[in-house]
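Novice: Residue numbers (our numbering), protein chains in the order written: chain A, 38 to 247; chain B, 38 to 247.
Any given hint could be a false lead.
Note that the list lumps identical chains together, so a pair holds whenever it fits in one copy or between two copies.
What the hints assert, rightly or not - DSSO-like, lysine-lysine: derived pairs with alpha carbons at most 30 Å apart: (1) K216 to K181; (2) K101 to K164; (3) K101 to K87; (4) K156 to K216.
Calculated from the structure, these hints are not laboratory results. None of the values given here were measured: they were computed from a predicted structure.
Protein chains: 2
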Amino acid sequence: MKIQGISTQTLRRLPYYLNYLVSNETESGGYISAAAVAAALNLNEVQVRKDLATVCQTRGVPKKGFFVGDLIEGIRDCLGQNNVNDAILVGAGNLGRALLSYKGFEQYGLNIVAAFDLKEGTANGKKIFALSKLSDIISRLNIKIAVITVPAESAQSVCDILTRNGILAIWNFAPAHLKVPYGVLVQNENMASSLAVLSNHLKSEMDKKL
Amino acid sequence: MKIQGISTQTLRRLPYYLNYLVSNETESGGYISAAAVAAALNLNEVQVRKDLATVCQTRGVPKKGFFVGDLIEGIRDCLGQNNVNDAILVGAGNLGRALLSYKGFEQYGLNIVAAFDLKEGTANGKKIFALSKLSDIISRLNIKIAVITVPAESAQSVCDILTRNGILAIWNFAPAHLKVPYGVLVQNENMASSLAVLSNHLKSEMDKKL
DNA sequence: CTTTTATCGATATCGTTTTATCAATTATAC
DNA sequence: GTATAATTGATAAAACGATATCGATAAAAG
Chain A
38 MKIQGISTQT LRRLPYYLNY LVSNETESGG YISAAAVAAA LNLNEVQVRK DLATVCQTRG
98 VPKKGFFVGD LIEGIRDCLG QNNVNDAILV GAGNLGRALL SYKGFEQYGL NIVAAFDLKE
158 GTANGKKIFA LSKLSDIISR LNIKIAVITV PAESAQSVCD ILTRNGILAI WNFAPAHLKV
218 PYGVLVQNEN MASSLAVLSN HLKSEMDKKL
Chain B
38 MKIQGISTQT LRRLPYYLNY LVSNETESGG YISAAAVAAA LNLNEVQVRK DLATVCQTRG
98 VPKKGFFVGD LIEGIRDCLG QNNVNDAILV GAGNLGRALL SYKGFEQYGL NIVAAFDLKE
158 GTANGKKIFA LSKLSDIISR LNIKIAVITV PAESAQSVCD ILTRNGILAI WNFAPAHLKV
218 PYGVLVQNEN MASSLAVLSN HLKSEMDKKL
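Required output: the full structure, derived from the provided sequences and hints.
Specialist: What follows is the structure, given as C-alpha cells:
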C-alpha cells in the first residue's frame, strides 16, 4: 500500500473517514461513493475522492463507488492502528496528568508506557520516573514516540534529550517551536493556538453585531 | 486595530510570539526585530515580519525593529485575552474530566463555567449538569463558546442544541465533522488526526531503515 | 553632514492544497 | 443489446500560504 507520499492534510482527514465508514459499515451495502462521504462529513466531493483513491488498494467502481471494506483496511494501514505504538510522556504537571489519565489513546494506537518529571513520584496510580532516567529507558525500551507536556522554557532541552536518544516523533503540547534534526517530526498540539482562532472568530462575530 | 482579515495560520502563531515576547520583555530593550523573533522561534523571518506588521498598530522602525509593548498589546487584542471568555463544556467522560481539571485555560482567556453530561453528577469537585438544562443555562448566562467532548455519535446532536441557543464558537474534541450554520466557527482538536500524522511519519521512517 | 548598515515594507515567485471541469467507465434500466 | 445515468479518474484552474528579493528608510557611526 502507498504509505509514504500522503499529504499531511489528507492524513489528518483519514480518522474522520474511518470513523464514519466504520459506524455506517453495515448499512452501506458494501460500496459507498465519494459523494456520499463528502455529503455526510461536509467536505468537498473531489477532495474526498482523491483522498479515498490514495488510500484504497482497489479502484473505485463507476456507478457504485469504493468498496467499504478495502477503504477501512487501507485507512487503518496508513494510520498504523493495527500496531500499537509505545510512547513516553515527559512533564507530569496538570496537562501531563490529564493525558495520562485519559484512556482513549490506545484506541488510536498510542500506548504511554512511562512518564517522567523533574522528580520521581506517582500520578493516577502510575509511577513517574525522574528525568535522569530518560535516556536509559528510551533506549532500553526502544521508544520512538514522545509526548512533551513540560513548560515552554524547558521544552527545547527535553526535546534535545529525546532526539539524541532516537525519538522520531514528538507530540508537543508545550507552547514552543521545537528545533529537531532532519527526520524527526513534531506535531504541535497547542491549546493556545486553537483558542486563538476561536477567540478571534468570536470577537469579530460580536463586532459585526454592534 | 485590524482584528478581522488575519489568516488562520497567522492567528495560530500569535500565541508563540506572545509567549516569547512576554518572557523576554525586560531584556529586549524596548524594541525587537522580526529577525530576532524568527531566530528564537525557528520561523522564517519574512513570515514573522508579516505577522508582526499585521497585529502591530505602529510601524516597525528600520534599524530598531518593532516596539515590544505595542506588539504585546496588539497580539493580546487580536486574541481577546483581555476579556476572559466564558464557556461551557459538554461531555464529562475521560477527556472532558481531564480538560475540566486542567488549570491552564484561564491563562489563555477561557473560563469554563459549567459542564454537562447525560446525567447529573460531580467531577473534580465540580458539578456536572444534566443535558436537559443545557439550553436554559446557555441563554441565561449568555455563553458564546462551547467545548464538545462527547463521543462522535452524539457530537452533531449536541452541536445542534448549542447553535440553536446562540453558541458562536465550538472547540470540538470529538472525531466528527460538525455541520454548523453560517457564522459559527468549529475548531477541531482531534487527537486522532494528530496521532495519524505522527504515526504515519514513524511508519515511513521505520520503513526507510529496513 | 555624509556614509554605512540594519531593518522594514512591498512585490514577486514558488509550492501546496483545494476546487472545478470533463472525458472515460460501467452498472442499471429498458 | 442499447441507452441512460452515476461515478470515477485525470487534468486544469484557483486560492492560499511560505519564501525570496530588493528598494526605501532611518538609526548609528565616522
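Novice: Hints first: check each against the structure and report whether it holds.
Specialist: Against the structure, the hints come out as follows:
1. For the identical chains of this complex, K216 and K181 are intra-copy neighbours only, at 17 Å inside a copy versus 37 Å across copies, given an alpha-carbon limit of 30 Å.
2. Taking the shortest Cα distances, K101 and K164 never come within 30 Å of each other, neither inside one copy (52 Å) nor across copies (50 Å).
3. Proximity of K101 and K87 under a CA criterion of 30 Å is satisfied intra-copy only: 16 Å inside one chain copy versus 48 Å between copies.
4. For a Cα distance limit of 30 Å, the shortest separation of K156 from K216 inside one copy, 25 Å, qualifies, whereas the shortest one across copies, 46 Å, does not.
Against the hints set out earlier in the document, a violation occurs for number 2 only.
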